[in-house]
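Protein chains: 4
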Amino acid sequence: MSAQLSSRIPVAVLGATGMVGQRFIELLQGHPWFELVALAASDQHGGRPYAEATRWRLPNSEMPAEVAKLPVLPCRPDALPDVKIAFSALPGEIAGEIELAFAQAGVAVFSNAKNYRMTPDVPLLIPEVNSDHIAAIVQQRKQRGWSGCIVTNANCCATPLVMALKPLQLKFGVEKVLVSTMQSISGAGYPGVSAYDIVDNVIPYIGGEEEKLEIETRKMLGEWEEGRGFVYAPMVVSAHCNRVPTREGHLECVSVSLGRDVSPEEVIEAWESYVPEPQQLGLPSAPEQALLYRYEQDRPQTLRDRDAGKGMTTTLGRLRPCPLLGYKFVVLAHNTIRGAAGGSVLNAELCVSKGLVS
Amino acid sequence: MSAQLSSRIPVAVLGATGMVGQRFIELLQGHPWFELVALAASDQHGGRPYAEATRWRLPNSEMPAEVAKLPVLPCRPDALPDVKIAFSALPGEIAGEIELAFAQAGVAVFSNAKNYRMTPDVPLLIPEVNSDHIAAIVQQRKQRGWSGCIVTNANCCATPLVMALKPLQLKFGVEKVLVSTMQSISGAGYPGVSAYDIVDNVIPYIGGEEEKLEIETRKMLGEWEEGRGFVYAPMVVSAHCNRVPTREGHLECVSVSLGRDVSPEEVIEAWESYVPEPQQLGLPSAPEQALLYRYEQDRPQTLRDRDAGKGMTTTLGRLRPCPLLGYKFVVLAHNTIRGAAGGSVLNAELCVSKGLVS
Amino acid sequence: MSAQLSSRIPVAVLGATGMVGQRFIELLQGHPWFELVALAASDQHGGRPYAEATRWRLPNSEMPAEVAKLPVLPCRPDALPDVKIAFSALPGEIAGEIELAFAQAGVAVFSNAKNYRMTPDVPLLIPEVNSDHIAAIVQQRKQRGWSGCIVTNANCCATPLVMALKPLQLKFGVEKVLVSTMQSISGAGYPGVSAYDIVDNVIPYIGGEEEKLEIETRKMLGEWEEGRGFVYAPMVVSAHCNRVPTREGHLECVSVSLGRDVSPEEVIEAWESYVPEPQQLGLPSAPEQALLYRYEQDRPQTLRDRDAGKGMTTTLGRLRPCPLLGYKFVVLAHNTIRGAAGGSVLNAELCVSKGLVS
Amino acid sequence: MSAQLSSRIPVAVLGATGMVGQRFIELLQGHPWFELVALAASDQHGGRPYAEATRWRLPNSEMPAEVAKLPVLPCRPDALPDVKIAFSALPGEIAGEIELAFAQAGVAVFSNAKNYRMTPDVPLLIPEVNSDHIAAIVQQRKQRGWSGCIVTNANCCATPLVMALKPLQLKFGVEKVLVSTMQSISGAGYPGVSAYDIVDNVIPYIGGEEEKLEIETRKMLGEWEEGRGFVYAPMVVSAHCNRVPTREGHLECVSVSLGRDVSPEEVIEAWESYVPEPQQLGLPSAPEQALLYRYEQDRPQTLRDRDAGKGMTTTLGRLRPCPLLGYKFVVLAHNTIRGAAGGSVLNAELCVSKGLVS
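Each protein sequence line maps, in turn, to chains A, B, C and D.
Here the first sequence is numbered in the UniProt record's numbering, starting from 1 and rising by one per residue.
Here the second sequence is numbered in the UniProt record's numbering, starting from 1 and rising by one per residue.
Here the third sequence is numbered in the UniProt record's numbering, starting from 1 and rising by one per residue.
Here the fourth sequence is numbered in the UniProt record's numbering, starting from 1 and rising by one per residue.
Take these hints with a grain of salt, some might be off.
Said to hold, decoys possible - Keeping only pairs whose Cα atoms sit at most 16 Å apart, straight-line, the calculated EDC-like set for lysine to aspartate or glutamate is:
| id | chain 1 | residue 1 | chain 2 | residue 2 |
| --- | --- | --- | --- | --- |
| 1 | B | K310 | C | E62 |
| 2 | B | K114 | B | E214 |
| 3 | D | K310 | A | E62 |
| 4 | D | K114 | D | D132 |
| 5 | A | K354 | A | E277 |
| 6 | C | K114 | C | E93 |
| 7 | A | K142 | A | D121 |
| 8 | D | K310 | D | E296 |
| 9 | A | K310 | D | E288 |
| 10 | A | K171 | A | E265 |
| 11 | C | K114 | C | E214 |
| 12 | C | K310 | B | E62 |
It is worth saying that the hints were derived from the structure and are not from the lab.
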């Protein structure tokens, strides 16, 4: 470990002043493989110290003292010369060009932005779900002549859904999925949702979210075929997305039609016995349990279960028959950790452990 | 009207101290047909004035001065001798026997309790949906030898669903329904949900609610056949029920499979052209519009739409294709008005206007 | 009245797209004296219809149909030629110049902005409190050579405080005041407070608010002396201002030292017997009761009392001895009605009724 | 330490099923000095396992597995024979007799109940504030012939106030205090406050709270004089207590009149240099910093600062002049940890370290 520490990989956070940017900073503190050496942001902070450029928004931590002093640099590769990995929390409006520039400059970009998620040679990666999709990186580099790469993570509400579906797909097949989400305010970033819009309210609409949830799920549960690219999973997914007045955690009600008749015990067993690659490899950010099934009749709950596994465990519960599709259940994950910054860090760890980034 | 006023029907509220009981009192103020003459409650208040027996819980009104002085009587027919109609807000644990006693004593009971909703000769009535189900009252009286009767209203989350489905059923047929609810805290009564359980939280479970929503929908959308009784609608309904931190209003995401191919315009037209019996009859509690479709992409919202039509209008929105079932949409109704006390008062008005109660 | 209606005064709303601007529009619907003929806003809407320029934010009303079609004009007097009264909901950054230009052009400006509140010849007016301060308008016009004028209303948390103190000052004198506020999110405008900052939180700081509350109170409770100007009340006021997660209504805990020993009964009697000028004159926006004292031990409450008198009544309660200053009590008023738009409309009504605007 | 571990003191929690009881259990997990060996509760659980008798209410922890199996015993000393220390989270209605019985039976009772707080020979103890008050225990035992004892902790809103005042009293003297609280829902226990009462609301009344806050502060900041007993601090304290919709943490706005003129720097220095006995002794539950002053203009905030020092640090901020009393500031502490269970555990640690309990 000390050897590792002495040679940690220098990383940067792009879009470091926003909420997901701050989550990246929080998660990178004391990381055994990665050393946060640079911060960049979209707007012109002119190299001012991070502590002057922004305020810390995360309620349960403080701005790390050594980060407070770091200058906020422009989002250009030449401004961040020594960086090997860039974690991108950039907004979609500007992420496209910037991430491309970094990848061209040889940096491995792990992005939380939506821009390249559906790009044919870019993996939409959740290591517990589709770690084999990293094969696309090889083709991406070959085809584009890059030494860097772009790897994306999923929309924050797609993450818990595919985490829940993957073990079922593997064992039984998944044919139809109907999901209704109750998403926290932090999913909209900062300042994000006006308090006047959401206190004592539910907003049954989040722009573009349902479309992303429906298509990203199928890409992630699909296959990477050499020479052919991504083949989307042939399932039908229908989504209802809602904003509710909770701080963190996206809770989802799912009805699912499986490929064959199975007992409830088999479904739960599929989840409980699922030990995906990050847990097998012992990746630093992998929680002990990727999936946790709770047997209480009223769990998971947003408040009580979002911090499971330091926000990296996906919690399941309430499996019961669905008169329409076969089974229904509830799934929850922390949206700014598991569904955003933590997911990207885990993606980077997988790529490092596989020798794709060094 | 002045004639009516001089001969208003004397009514009582059973379970007058709870939240739905207070809604009944609120809605009966100045009612043109009904005169609130008596209050009763389950526990022993020994005839104390209402103002001493309870506190007013509704935030936007005050305890009416003339109600404050009324004694809180025991829930026995002999204690309320002149009453023709009893509105019951009793809890399920005691509603069964008490409502029976009143019906036997010749009182028309309009109940918000769950006890008799599924009883074969008791109508589960929403006047905009199944006003013909009042035919069951005739049989109920004949069979049981009563001059009174029991009429129930639906569970507070079943009401908006069937309101939305009825015009579709009439025009196109409805085959499959998947509904996910976001229900307000007032749905649990008072004191109901502990603030510590729900602030910054979603609870994806309400005891017995999903079962009620699935079966009540089919009874209400079914048919009353003379000599045969209720024939449930042959549709499949699957429900996910959630408690969210809002005060009033139940919002529901619905996916639906119709009996034939129709355009979105036809679906909306089915809702907008629907003028059910209460509106035709001009019943006092019927809102101008039974159903209101909103074209904004983010409506209905719990806070903004729950009070439409003084809490009696059901608001719809976001009709769009569902990749799985055909169409999806959002529906909202006020749970303690439209879905509870207001629904019962409207039921009574229908029965009076049809000559079944006088 | 029909005569009045036929000759209603043409008025405009400046800053019509924000939350207070919308409150102005809401309150001016059907106003017997004022006819809303023009809307203006700070940013360039190029004459687009109001319905296209903004969304309606108020939860319990809809954008009025005739307002939806009005063009959103630039905030220049020449763009609103026929307007006699302008209600200003402009932000402080731009209100100064614009309001000045309108006053110079002969328009009576009733402003909710902070810019001129402390100006020596501008009244800071609450008709129930210091209606005699309108005398400053005469001097303002003479001195500045205007035919228009500028009249300001108070900060939204100063309003309930001075409403509570005025009757005490009149009868007993007020020497020391310590006030701690719990202010709603709508006080920050729209989008205002980020939901991520305030859900499950209290923020004990609102920029500039404590200073405003301390000094405005003394101006409003002071005297206008001909030739000398405003003489501030010689009382000491100390304020703590807090933001809490409520939608509307500013609740304030007050400790007060009166000019002489009085009984609690006398204090309450001072409030209950207070019939200020708007109620005497029967101004259209004056609620029946300017002040309402509630005897329940836990009132006023933000949710339950903010809408008293359609949001124009100030509610008091919990009068009890203060070991330090003599008495303590709680006071509440609706911040965007009584403390903002409604206050300005009432100011205009007072000036019209006194012949200062026509 | 391993020696200590092998001989940890056996302790029990009385009132183990409520919210403060659960906090006790949570805080006693892995405690180096205390071993939780028994649970008791007021109502008859007949020895059923804890997991069956109650549900875990705390959102950020799980019921410890070894505690889940413990039987819930009756609150009688003979039912808990081996216990040396009892932590009492009993409600006031029954705490009186039960705590007395345990103390008589030789058990050291550390109570969170209000019953004995004002008793002349019972210390109302906050180790950072009045650790010398434990001298009362000696007299309590002598006078009453007990080998056990009763030690109480303060009301949850008195704790942050006296924590803030003590260093000021020591250095400058404190003469007058005016405090206005914003208290979280968890302060009312479980189920405590109905969500319907508090969502979107502030309730400016908590029964008995203002009286407790005013008198407990003076006892804690007073002196224990041998032979004379407690001499209350001669300061004047006036309190306004409010319930706001936050989960945990009591925030308080304080105006204070000190014994002499001091600069703001001196006040902050008094707080920052204060190293009370628990920190000097290194008691296990003592946070690194008893008091933390934050220099940001909008801190402390309920959400962001309540968990400082694992909920045991008291956070201060916003020191500024008060026109009335001299200085004003804001103080915050976690009400169910620092202000309840954590405070009692720290009290027990102090008594053990002083040789009063073994």
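Results for each hint:
In summary, the hint linking K310 of chain B to E62 of chain C is supported, as the alpha carbons are separated by about 14 Å, within the 16 Å threshold. In summary, the hint linking K114 of chain B to E214 of chain B is supported, as the alpha carbons are separated by about 14 Å, within the 16 Å threshold. Among the hinted pairs, K310 of chain D with E62 of chain A is consistent with the structure: their alpha-carbon atoms are about 14 Å apart, no more than 16 Å. Our distance criterion of 16 Å between C-alpha atoms is broken by K114 of chain D and D132 of chain D, whose separation comes to about 21 Å.
A C-alpha spacing of about 11 Å is found between K354 of chain A and E277 of chain A, which places the hinted pair at or below 16 Å, so the restraint holds. Restraint check for K114 of chain C and E93 of chain C: satisfied, since their Cα atoms lie roughly 10 Å apart, inside the 16 Å limit. The straight-line distance between the Cα atoms of K142 of chain A and D121 of chain A is roughly 10 Å, inside the 16 Å bound, and the hint therefore holds. Straight-line distance between C-alpha atoms of K310 of chain D and E296 of chain D comes to about 21 Å, which puts the hinted pair past the 16 Å bound.
Between K310 of chain A and E288 of chain D the CA atoms are separated by roughly 24 Å; this puts the pair beyond 16 Å, and the hint is violated. Distance restraint check for K171 of chain A and E265 of chain A: the Cα-Cα separation of roughly 13 Å lies within the 16 Å cut-off, and the hinted pair is therefore satisfied. About 14 Å separates the Cα atoms of K114 of chain C and E214 of chain C, which keeps this hinted pair within 16 Å; it holds. Note on K310 of chain C and E62 of chain B: the hinted pairing holds, with a Cα-Cα distance of about 14 Å set against a maximum of 16 Å.
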